[in-house]
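All chains, full assembly: derive it from the sequences and hints.
Quick note, the sequences are listed as chains A and B, same order. The first sequence begins at 1 in UniProt numbering and counts up one residue at a time. The second sequence begins at 1 in UniProt numbering and counts up one residue at a time.
Hints are computed from structural coordinates only; laboratory data are not their basis. Glycine is no exception: its CB is placed at the ideal position from the N, C-alpha and C atoms. Where hints are given, some of them may not hold.
Here are the computed lysine-lysine pairs in the DSSO-like style, where the Cα-Cα straight-line distance is at most 30 Å [as the list claims (entries may be wrong)]:
| id | chain 1 | residue 1 | chain 2 | residue 2 |
| --- | --- | --- | --- | --- |
| 1 | B | K103 | A | K351 |
| 2 | A | K476 | B | K247 |
| 3 | A | K67 | B | K103 |
| 4 | A | K208 | B | K21 |
| 5 | A | K189 | A | K413 |
| 6 | A | K67 | B | K95 |
| 7 | B | K103 | A | K476 |
| 8 | B | K276 | B | K247 |
| 9 | B | K106 | A | K67 |
| 10 | A | K67 | A | K405 |
| 11 | B | K21 | B | K224 |
| 12 | B | K95 | A | K351 |
| 13 | A | K67 | B | K131 |
| 14 | B | K276 | B | K528 |
| 15 | B | K21 | B | K225 |
| 16 | B | K520 | B | K421 |
| 17 | B | K250 | B | K225 |
| 18 | A | K211 | B | K21 |
Non-contacting residues of chain B with respect to chain A, defined by C-beta distances greater than 10 Å in every case (computed) [to be verified]:
| id | residue |
| --- | --- |
| 19 | P7 |
| 20 | T124 |
| 21 | E258 |
| 22 | E532 |
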Amino acid sequence: MAVNGNVIRNGAPLPDLSHHLSSETRSRIPNPMKAIWRLAQRTPGVINMANGDPHHTLYPISEIAFKVPSISHADPVSAWRTDESSTQTFISSKDESCALSLREALQYGSGVGLPEVREVLQQLTDLLHAPTANHTITMSLGNVDAVTKCFRLLGDPGEAFLAEEFSFPGMTNAPLAHNIRWVPVRLDKEGMIPEDLERVLRDWDESKRGKRPHVLYTVPCGQNPTGSTLTLDRRKDIYDIACRWDLIILEDDPYYFLQYDKPPMKAEDIEKDGFAKTFARSLVPSFLSLDTEGRVMRIDSFSKIIAPGMRLGWITSNSAFAPHFENLIDSSTQHPHGLGQAFVTEMLAGKGGWHMDGFARWVKSLCDEYQRRRDFLAKLFDTELGDSGYASVEIPEAGMFLWIKINIDKHPKYQKDGAGRSNMLLLMEELFQRLLEAGVMMMPGYVFEIMDEDTTDSRCNHFRTTFAGDEDTMEKGTGVFGKTVRTFFES
Amino acid sequence: MDYEKQPVAIDLSHHLSDVSKARRTSPLKGLSKYMGKPGVITLAGGMPNPGYFPFSTITADGLVPDSFPVSTSSSQSSSTSWFWKIFGAAPRKEKSTPLTIPKYVKDPSSHVNLATALQYGTATGLVPLQKFLQEFVTKVYQPAYSNFVALAHTGNTDGWNRAALTLFNPGECFLTEEWTYPSALASVNPLGVTAVAVGMDNEGMSPESLRKILAEWDESVQGKKRPHVMYTVPVGQNPSGATMGGKRKKEIYDICVEYDIVIVEDDPYYFLQEGKYVPKLVRSTESTPDDVSQYIASLAPSFLRYDYQGRVIRLDTFSKTIAPGSRLGWFTCNPLFAERLERAGEVSTQAPCGFGQSIITSLLLNWGFEGYIRWLRGLGTQYRSRRDFFIDTFADEFDLTLSTGEGGAWRGCDVYAASEKRDAHGEGEKFAMTARTPLFSFVPPTSGMFIWLKVHFENHPAFSPDDDSFEMKLWVALAEAGLIISPGWFFVADDENSPDGPNDGHYRISFSFSEFDELKKAVGILGKVVREFFKEA
Numbered sequence: 001m002a003v004n005g006n007v008i009r010n011g012a013p014l015p016d017l018s019h020h021l022s023s024e025t026r027s028r029i030p031n032p033m034k035a036i037w038r039l040a041q042r043t044p045g046v047i048n049m050a051n052g053d054p055h056h057t058l059y060p061i062s063e064i065a066f067k068v069p070s071i072s073h074a075d076p077v078s079a080w081r082t083d084e085s086s087t088q089t090f091i092s093s094k095d096e097s098c099a100l101s102l103r104e105a106l107q108y109g110s111g112v113g114l115p116e117v118r119e120v121l122q123q124l125t126d127l128l129h130a131p132t133a134n135h136t137i138t139m140s141l142g143n144v145d146a147v148t149k150c151f152r153l154l155g156d157p158g159e160a161f162l163a164e165e166f167s168f169p170g171m172t173n174a175p176l177a178h179n180i181r182w183v184p185v186r187l188d189k190e191g192m193i194p195e196d197l198e199r200v201l202r203d204w205d206e207s208k209r210g211k212r213p214h215v216l217y218t219v220p221c222g223q224n225p226t227g228s229t230l231t232l233d234r235r236k237d238i239y240d241i242a243c244r245w246d247l248i249i250l251e252d253d254p255y256y257f258l259q260y261d262k263p264p265m266k267a268e269d270i271e272k273d274g275f276a277k278t279f280a281r282s283l284v285p286s287f288l289s290l291d292t293e294g295r296v297m298r299i300d301s302f303s304k305i306i307a308p309g310m311r312l313g314w315i316t317s318n319s320a321f322a323p324h325f326e327n328l329i330d331s332s333t334q335h336p337h338g339l340g341q342a343f344v345t346e347m348l349a350g351k352g353g354w355h356m357d358g359f360a361r362w363v364k365s366l367c368d369e370y371q372r373r374r375d376f377l378a379k380l381f382d383t384e385l386g387d388s389g390y391a392s393v394e395i396p397e398a399g400m401f402l403w404i405k406i407n408i409d410k411h412p413k414y415q416k417d418g419a420g421r422s423n424m425l426l427l428m429e430e431l432f433q434r435l436l437e438a439g440v441m442m443m444p445g446y447v448f449e450i451m452d453e454d455t456t457d458s459r460c461n462h463f464r465t466t467f468a469g470d471e472d473t474m475e476k477g478t479g480v481f482g483k484t485v486r487t488f489f490e491s
Numbered sequence: 001m002d003y004e005k006q007p008v009a010i011d012l013s014h015h016l017s018d019v020s021k022a023r024r025t026s027p028l029k030g031l032s033k034y035m036g037k038p039g040v041i042t043l044a045g046g047m048p049n050p051g052y053f054p055f056s057t058i059t060a061d062g063l064v065p066d067s068f069p070v071s072t073s074s075s076q077s078s079s080t081s082w083f084w085k086i087f088g089a090a091p092r093k094e095k096s097t098p099l100t101i102p103k104y105v106k107d108p109s110s111h112v113n114l115a116t117a118l119q120y121g122t123a124t125g126l127v128p129l130q131k132f133l134q135e136f137v138t139k140v141y142q143p144a145y146s147n148f149v150a151l152a153h154t155g156n157t158d159g160w161n162r163a164a165l166t167l168f169n170p171g172e173c174f175l176t177e178e179w180t181y182p183s184a185l186a187s188v189n190p191l192g193v194t195a196v197a198v199g200m201d202n203e204g205m206s207p208e209s210l211r212k213i214l215a216e217w218d219e220s221v222q223g224k225k226r227p228h229v230m231y232t233v234p235v236g237q238n239p240s241g242a243t244m245g246g247k248r249k250k251e252i253y254d255i256c257v258e259y260d261i262v263i264v265e266d267d268p269y270y271f272l273q274e275g276k277y278v279p280k281l282v283r284s285t286e287s288t289p290d291d292v293s294q295y296i297a298s299l300a301p302s303f304l305r306y307d308y309q310g311r312v313i314r315l316d317t318f319s320k321t322i323a324p325g326s327r328l329g330w331f332t333c334n335p336l337f338a339e340r341l342e343r344a345g346e347v348s349t350q351a352p353c354g355f356g357q358s359i360i361t362s363l364l365l366n367w368g369f370e371g372y373i374r375w376l377r378g379l380g381t382q383y384r385s386r387r388d389f390f391i392d393t394f395a396d397e398f399d400l401t402l403s404t405g406e407g408g409a410w411r412g413c414d415v416y417a418a419s420e421k422r423d424a425h426g427e428g429e430k431f432a433m434t435a436r437t438p439l440f441s442f443v444p445p446t447s448g449m450f451i452w453l454k455v456h457f458e459n460h461p462a463f464s465p466d467d468d469s470f471e472m473k474l475w476v477a478l479a480e481a482g483l484i485i486s487p488g489w490f491f492v493a494d495d496e497n498s499p500d501g502p503n504d505g506h507y508r509i510s511f512s513f514s515e516f517d518e519l520k521k522a523v524g525i526l527g528k529v530v531r532e533f534f535k536e537a
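If you want it as C-alpha cells, here you go:
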C-alpha cells in the first residue's frame, strides 16, 4: 500500500508501515452506509435520503448548559474545591449559534468524530506535541476503547506484544481473548529500560517463539501501577530501538498533564507564547513529538483531567492508519456520543469557553493539586514506615499512584530454596488478607504482573496505592497500613 | 404479569464463542467486591475525586411528552398545510421542561447525579436508568421468562458487534433476511462470519424458507456447521419496511427452539409502527389508543413475548426515539449472556457516556413511564405523517397503480407501480406509447423510515439481461442531480444467492431526515431523472 499524500511536513516521505496491520483490519471493508454518508457530507446542497437520521425537530433536547468553574482564578482547582459558586457556563444549543450545534451533535456522525471537535483537538495536539509527521485525530470512547481498537488494528492471533513488566490489566487483558500474549520489558523508577527492550528483541528466536513483537505498549508518564516516568533520554533510545526493530509504539498517556516537580513557568514566557504553550514546554516531550517516521499512536483521554464518565478521548496516529480506525469504528462502537464532543468543542473553542489557555490553566492547577496530594501521602507513608526498613517507595514524578515495595526478604518466615524460588507470593497474599481484615484495601502488585514466558515465578512484592482519594481516607488508610505491616513483620 | 410463575432462562452457554469464553474478569473488577465492604478504606482504585470534576450542574431543556399530536390530521384541502404550520418558516416555540442534574444528591441509587455519572462506572449503566429500563421492558415487551436483564450499551451497532464477538467463532454463519442491514454484515465479515439469506414476504422473514434452510442443511455440502444465530430487524425491516406480527414471530421462535438458535432482535424502529398506507383521498384521521396498555397491545409484540427459554438478545436504542448522538441503548437477554456482554463491554466501550446517560435518564424520570409512552406515540405519529406525505408526493408525480404482490419479498404486499403521468410536463401525447409502462414499484412501509423501491429496468430501451450496470448508472444520475439514496446491492445478505432479479434495481429512500419541502423536491428529482433515464437508448 502506498502512503499517498502522507508526507513529513518538511517534504520527506514516511516509511510505509501498512505491514503492521492485522489480517482482520486488512479484510475489513468500509461500512457502505457510512461511505454514502461521507459522500453526502462532502457534497454541498445535495439532499441525502440514504441514511436513517431523524429530523432534528424530533429530538427532545433543545439546549444543554454545562456549569463549570470560572477559569479566572489564579489557582482554579483549589478555588473550586472550597467553593463551587464561581462558575461560567458552556452552552450547546440546537437552535442558537454555538461552536458545535446540538443539531449536529445529536445526529449520527462520522466514526472518527465530528469535524469541529477534531479540529480543536488537532490544534491542541499541535500546541502540545508539535508532531513532525502528518498525523490525524480519531476520537475514541476513552483509553480502554482506544487501546483495544489499536490492538485490533495491529494484532493477529498468535502474536506477542511488548509492555512494561507491570501493566494495568484493564488494558492488557483485552487482546488476551484474541490470543495475543504479552512479553514483559523490565522497568525502574525512570520507566521502561531501553537495554532490556533491546535484549528482548535481539534474543527473540522466531523459530521458537513465533513472530518477533512489532507492537510496544507503554504508559510513559506516571506509569500504572509503578508511577514511573520515562526520561527524555530513554524516550529517545526507545524510539531509536523502535525504528531499528520496526515497532509501532502505543503511547497511552492519560497522566501526561499530571507531571510533578516542574520548574515554575516564567511570566514573560506566558506573556509571549501563551499559557498553554509555556505549560507544554515544561512537560517531558511525548513519543509523538519525537516521531519522525509515523510509528507512534498516541492515546489521550479526558478521564483524569475532566471526568472519566465522559468516556471520551482521542487517538493521534499516522494519517495512513486513520482510515482503518474509521472502518473499525463504523462497524463496532460507532462514533463517540455527541454530548461529550459538544462539551469539548464549547470548552476549547466556544464563545463562553475556556479556550486553550484556560484549559491549560485548569490542568496545570489540577496538576499542582495532585502534587500536593502526592506529597501528603508520601509524608504519611514516611511517618508510618519510613524508618522501619519493612517498606519503601519511590516518589512518582507523575500520575496518581504510589508503588510501595515491601521488603519481604526481611520477614522472619521468608525462605528461598536452592533454585532461587521463594515463598514471597504466599507472604504477600497473607499481608493482603491481613490488610483487608484490618480494614484497608490496596491493590496487590501481582495483579499487574506480566510474567516472562519461561517462568511462573512472581517478582512482585509491591502494593499500588493511590493519592486520588480524599485526605481523610489517605490518613486513615496509611495509619492502618503502617500498623498492619509492622505487626506482620514483628509478630 | 406475574413473573414468579414464569420460567427461568435455560442454559445456553454452548453458544458462546471461544473469544467470549476466554474473556477474563478484569482482576481489578474482581477485587471490587472487597471495595463495597463496609468499613474498608480503599486506596486501591484510581478514581479521581468528584470534587475535581469541573462541573457543578448540567442543565438541559427537554421537550414535554405531548410535544407532538397523537393523531394524523385527515384529508386537508391542501395536503401540506398543517405541516407548514409546524415545520414552516416561522419556527414553532417548543414547550420545554427544565432538567437539572446536580453534582451531589443524597440518594445516588435513585437520583441522577454527576458525581456518579461522570465517575468510572460499571459497564451496566447508571442504576436509575437500569431500573427504568427493567420496568420498561417488563411492561412493554413482557418477556415470557422471569430472569431477563436489561444492560446498557452504546447503540445497536455496538450491541450487535458485542453480541457477534460473544456468539461467533471465525468461519461461522448466521441467518438473516435476504435483504438486510449492510452495517450488520460489515461488522462481522472481518471475523470471517457470513450471512445465510432467508426468504421474505410481507411480514419479513419467512418461516417456510427458514425451516427449509435448517432442515436441508448439510455440513458436508455447505462446508460450515449449521447456523446457531439469527439476526433480524423484525419491525420496519431494513430495507423492506415490513412489520412482523405476533403469530409470525411465534412460528419463527418455535423453529429457533427446535434448531437451537439464538435470536438477535435488532429493533430500532419498534415505536415507528405506522400501519398500512392509505391513499390521501380515502384517508381518515388516525389515532393511537390513549390507554397505555391498549397502545402497547396495538404494537406488534417483540420476540421477547414468546421467549420462554431466554434465547433472544434484544437490541433497543434511543437513537430513533431520543437522538442518535446520545449513543445509548440496551440489551435485554438472559443473565449468562448479559454477564459475557458486559465483559466484552469492559474492554471496549465501558459505560456509555455520562452526559448522555444522565440527561436521558433525567428526561425519562421527569416524563415517567407514561410520559415516555406519550412521547413515543407522538413520535410514531410524526413518522406516519412523514411516510404518508412522502408517498402522497409520489402520487402527485406519477400515476400509481395498486396491486397485490405475488412473489419474493413482496408476496402479499400492497404494491404501487409508478408510471409516467399521462399529461405531465406536456409530453404526454408524444410518449403515449410508453406512458403506462411501470418505471418502478414500491411497497409503502408499515414501520420505520424507509421506502424500498424497485426500478423495472426491463422496460428500459437499452435493457439487456446480461447488463447489471443499470442500478449504479441510475444511482449516479440521481447523485449528479443532487439526490443521494442507497443502492440496493448494499442490502444483499448473500452475494452468491442474491434476491435481486436480473431485471431489477433496488433503492432504499429515507423519509426521516429531510424537510418536507426537500422530500417534495427529492421526488421531483427522482421523477425527472428516472423519466430521462428511461428515454436514453
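Structure-based check of each hint:
no. : hint            : result
1   : B/K103 - A/K351 : 24 Å, holds
2   : A/K476 - B/K247 : 64 Å, violated
3   : A/K67 - B/K103  : 10 Å, holds
4   : A/K208 - B/K21  : 27 Å, holds
5   : A/K189 - A/K413 : 28 Å, holds
6   : A/K67 - B/K95   : 23 Å, holds
7   : B/K103 - A/K476 : 26 Å, holds
8   : B/K276 - B/K247 : 18 Å, holds
9   : B/K106 - A/K67  : 20 Å, holds
10  : A/K67 - A/K405  : 42 Å, violated
11  : B/K21 - B/K224  : 21 Å, holds
12  : B/K95 - A/K351  : 26 Å, holds
13  : A/K67 - B/K131  : 28 Å, holds
14  : B/K276 - B/K528 : 28 Å, holds
15  : B/K21 - B/K225  : 19 Å, holds
16  : B/K520 - B/K421 : 16 Å, holds
17  : B/K250 - B/K225 : 25 Å, holds
18  : A/K211 - B/K21  : 25 Å, holds
19  : P7              : 32 Å, holds
20  : T124            : 13 Å, holds
21  : E258            : 32 Å, holds
22  : E532            : 18 Å, holds
In this structure, the earlier hints numbered 2, 10 are contradicted, and the remaining ones agree with it.
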